[in-house]
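*Asks:* Following the hints, position chain B against chain A.
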Amino acid sequence: MLKLYAELIRIRFLTMLAYRVNYYSGIIIYAINIGAYYFLWGSIYADNTTLAGMTLTQMTSYVAIAWMSRAFYFNNIDNEIGMEVREGKVAVEMLRPYNYLSVKAAQALGEGIFRFAFFAIPGLILIRLFIDFPFPSTFSAWGLYLISLLCGFVINTQINLLTGVLTFFFMRNEGLIFAKRMIVDLLAGVIVPISFFPGWAQSVLGYLPFQAINYYPSMIFAGVIQADKALQVILIQLVWIVVLFLPITWLWRKARHNLVVQGG
Amino acid sequence: MGQVIRLFSDYLSQYFKTKLSYRANFFSELVSNLVFELMRLAFIGIVFQHVDKLKEWTLWEIVFIYGYFMIPYALFSVFFGFWDFNERYIIRGEMDRILTRPVNPLAQVCLESIAPDRIFSAITGFIIMIYAAFQLKLSIAWYDPFVFVLLIISSVMIYAGVYTAIAAVSFFSDSRTGIAPMIWNIQNYGQYPVDVYNNIIRFILTWILPFAFVGLYPSAFFLRKAEWYTYTMLTPVMGIVFFLIGLVVWNLGLKKYSGAGS
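Residue numbers (my numbering), protein chains in the order written: chain A, 959 to 1222; chain B, 14 to 275.
So that you can see chain A by itself, here it is in the shape it has in the complex (with noise of 0.2 Å):
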């Protein structure tokens, strides 16, 4: 069984592999947002040493870190999934003798691995070019982050599995999948760190998955989070990644009962 799982993710790896002339535009594109970004905090802050408890230098870090850690954990098997409920070739895959949310799980770790080395990491380095900002000092805090950056990767697949399989109730779901594309990039603090919220907003915001995503690595890596307080971070992560599989499991379980194969 694992090692169809292990074959999912190596084909999906070199079919990625196959197109990777498609992800050089990405890292321009990661490059472009992260400039803009750069340039715009860096008006912001204009003669404040510390905004929210980080420094201008930090958020650099942080702005960086947060659009190439997107850059990994980012992936479309939402969409993936609600076009396979469309066209009705998740009937296809249901027969087959595998979990349908496993495999879609397993390919998402495929693209993962993709991303990692092809996207995230030259990405970072050419950034780093242009853009001069501090890495981690030590091994701990690289290993910290790194840890921390594929509990956020799990997460935000639990997500993508969520909002996939709701396709097998509402049968359209691309409004909904890129609403919510947004949503995580606001919550998840891609765009402005969650420590930037209002008192409320942060508070709300404790009790939902999304800043477990790339908040809490960001941090780590930006040095804002030190050592000792990573390791509890990173253990919501893991509470997080436990409490997401019951709604999965419970959807998934109904999905099934719902389906509606169109098309065929």
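Simulated from the structure, these hints should not be mistaken for lab results.
Coverage of chain A stretches by chain B, computed from C-beta distances (three or more under 8 Å per stretch; other residues unrestricted): (1) 986-995; (2) 998-1010; (3) 1122-1132; (4) 1135-1148; (5) 1154-1164.
In this text, a Cβ means the ideal position worked out from N, Cα and C, and glycines have one as well.
*Replies:* Structure of chain B alone, referenced to chain A:
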């Protein structure tokens, strides 16, 4: 021209028929567009919780510029939606079908991708702009509405020119270029006053990819920022120049086009 308008109403009714057959998705698309706009506002709001000014700009001035910025883009995207031009018309060879028909090819491509519901963003942008104007207690002169319409048309023409030229690049190279999404991301620089960026970016946003003319420069007139008036007055000129560049590149490309060969 009359023919194009008649075709437009036909395409329009087709559009609504397909959209309304998946009603829930149609509305969730509207809502998600609104979410997208509000998110960018949220960023501005969150930032101004911590600072009073961004360069010399206050919160409501930035919001006003953002409101303006939304309107021309929304109007433009009602008629222009061929972001996948390369994929759809060149690689899949749909362009050949277009060329066999007795209507202007550019008009056909536009008609096939109209999205009238994008007009809602223009309304949202207008409301945001007016609300910001009230907060700023801006004075309104009798000629302001006319200037506003002129500037909006100019901004729309800049978008149309830039993106038509970008789409036409596909005529010269068959492979996927991925330029359009890059330009779209650069365009988002235009929602903030250009003086927050460095000089190189400011130059690019003014003269090469003139996205400062779809946000700051025209809005500066209503914000009564006299130091930007020269650029405000240049907006219609830039609109015409870039629109013509777009048409010329498109026509050159069309001449060069020889089919994808499948």
